[in-house]
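Student: Just need the whole structure built from these sequences, with the hints factored in.
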Amino acid sequence: SQELEQSPQSLIVQEGKNLTINCTSSKTLYGLYWYKQKYGEGLIFLMMLQKGGEEKSHEKITAKLDEKKQQSSLHITASQPSHAGIYLCGADPYYGGSQGNLIFGKGTKLSVKP
Amino acid sequence: GAGVSQSPSNKVTEKGKDVELRCDPISGHTALYWYRQRLGQGLEFLIYFQGNSAPDKSGLPSDRFSAERTGESVSTLTIQRTQQEDSAVYLCASSYRVYSNQPQHFGDGTRLSIL
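Chains as they are written, first to last, in this note's numbering: chain D, 1 to 114; chain P, 115 to 229.
Hints are computed from structural coordinates only; laboratory data are not their basis.
Remember, predicted model here, so these are calculated numbers, not experimental data.
Take the hints with a grain of salt, since some may be wrong.
[Claimed, not checked] When the alpha-carbon atoms are kept at most 20 Å apart in a straight line, the in silico EDC-like pairs for lysine to aspartate or glutamate are as follows:
id, chain 1, residue 1, chain 2, residue 2
1, D, Lys27, P, Asp222
2, P, Lys129, P, Glu199
3, D, Lys27, D, Glu54
4, D, Lys68, D, Glu15
5, D, Lys106, P, Glu158
6, D, Lys36, P, Glu186
7, D, Lys38, D, Glu15
8, D, Lys68, D, Glu54
9, D, Lys56, D, Glu67
10, D, Lys36, P, Glu182
11, D, Lys51, D, Glu67
12, D, Lys109, P, Glu158
13, D, Lys17, D, Glu59
14, D, Lys64, D, Glu3
15, D, Lys109, D, Glu5
16, P, Lys171, P, Glu158
17, D, Lys38, P, Glu158
18, D, Lys109, P, Glu199
19, D, Lys109, D, Glu3
20, P, Lys131, P, Glu182
21, D, Lys106, P, Asp222
22, P, Lys131, P, Asp222
23, D, Lys68, D, Glu5
24, D, Lys27, D, Glu41
25, P, Lys125, D, Glu41
26, D, Lys27, D, Glu59
27, P, Lys131, P, Asp177
28, D, Lys38, P, Asp222
29, D, Lys106, D, Glu3
30, D, Lys106, D, Glu41
31, D, Lys106, P, Glu199
32, D, Lys64, D, Glu5
33, D, Lys109, D, Glu41
Tutor: As structure tokens, this is what we get:
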């Protein structure tokens, strides 16, 4: 079965610093989703990547999927306290994007010190 | 509503009791999913519904867990004879439909605590 490993498990950065979170899959990623979760809240959809080499950006967050489609990275530029939370990567285990039982990593907890 | 709505937001109950969790998906979304998030763990898929098709129950951990959905509207997740290991946040998500390459949108979850 497919597994997603996220690194680091937790991260503390000073406001204004850049950071990167990684998500590595044991199998080919047919769809890779990044979500953010704050304590007591649900998951907020950030970005979806499907093609090898694909890169998407939204505000100060950039997500990339490597050419082999087994690793994704999430990069935050000039971090702000509002970026704090748990970042989760999720993957579609089936070719063609079934969007059924997404598999998730355990998350990366990000804290941003003002 | 604008987003996925779940109720109750918190539920505390005694071991052995039955609980029912409710999810109201985004209007127009035909696919609905239930996940469980235990403390320190990732999300575990439980079940999904796609329109009027038979649900995919492959993630339900035991026969104490069941879920229903009427048409393309509200879903209820029922846990019978609750055990302490059932304590978790239960998250519901919906999407336009399965096979649509559209992301799943999540509710805020129900935090279930079994005493």
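Student: Now look at each hint and say whether the structure bears it out.
Tutor: Checked hints:
1. D:Lys27 to P:Asp222: The hint is violated at about 30 Å.
2. P:Lys129 to P:Glu199: Holds - the C-alpha atoms of Glu199 (chain P) and Lys129 (chain P) are around 10 Å apart, at most 20 Å.
3. D:Lys27 to D:Glu54: holds, 17 Å
4. D:Lys68 to D:Glu15: violated, 33 Å
5. D:Lys106 to P:Glu158: holds, 10 Å
6. D:Lys36 to P:Glu186: violated, 27 Å
7. D:Lys38 to D:Glu15: holds, 18 Å
8. D:Lys68 to D:Glu54: Given that 20 Å is the threshold and the Cα spacing comes to 11 Å, the pair holds.
9. D:Lys56 to D:Glu67: This hinted pair holds, its Cα atoms lying about 14 Å apart.
10. D:Lys36 to P:Glu182: violated, 28 Å
11. D:Lys51 to D:Glu67: holds, 8 Å
12. D:Lys109 to P:Glu158: holds, 18 Å
13. D:Lys17 to D:Glu59: holds, 15 Å
14. D:Lys64 to D:Glu3: holds, 19 Å
15. D:Lys109 to D:Glu5: Distance ~14 Å between Lys109 (chain D) and Glu5 (chain D) Cα, so the pair holds.
16. P:Lys171 to P:Glu158: holds, 12 Å
17. D:Lys38 to P:Glu158: holds, 18 Å
18. D:Lys109 to P:Glu199: Violated. Lys109 (chain D) to Glu199 (chain P) sits at ~24 Å, over the 20 Å cutoff.
19. D:Lys109 to D:Glu3: OK: Lys109 (chain D) and Glu3 (chain D) at ~19 Å, within 20 Å.
20. P:Lys131 to P:Glu182: Holds, because 19 Å separates the two Cα atoms, which is no more than 20 Å.
21. D:Lys106 to P:Asp222: holds, 18 Å
22. P:Lys131 to P:Asp222: Violated - the C-alpha atoms of Asp222 (chain P) and Lys131 (chain P) are around 23 Å apart, more than 20 Å.
23. D:Lys68 to D:Glu5: Given that 20 Å is the threshold and the Cα spacing comes to 16 Å, the pair holds.
24. D:Lys27 to D:Glu41: At roughly 30 Å apart (the allowed maximum being 20 Å), Glu41 (chain D) and Lys27 (chain D) break the hint.
25. P:Lys125 to D:Glu41: Holds, at about 15 Å.
26. D:Lys27 to D:Glu59: Distance ~30 Å between Lys27 (chain D) and Glu59 (chain D) Cα, so the pair is violated.
27. P:Lys131 to P:Asp177: holds, 15 Å
28. D:Lys38 to P:Asp222: holds, 10 Å
29. D:Lys106 to D:Glu3: Answer holds: Lys106 (chain D) to Glu3 (chain D) is near 10 Å, not above 20 Å.
30. D:Lys106 to D:Glu41: holds, 16 Å
31. D:Lys106 to P:Glu199: holds, 18 Å
32. D:Lys64 to D:Glu5: With Cα atoms ~16 Å apart, Lys64 (chain D) and Glu5 (chain D) stay inside 20 Å; holds.
33. D:Lys109 to D:Glu41: This hinted pair holds, its Cα atoms lying about 14 Å apart.
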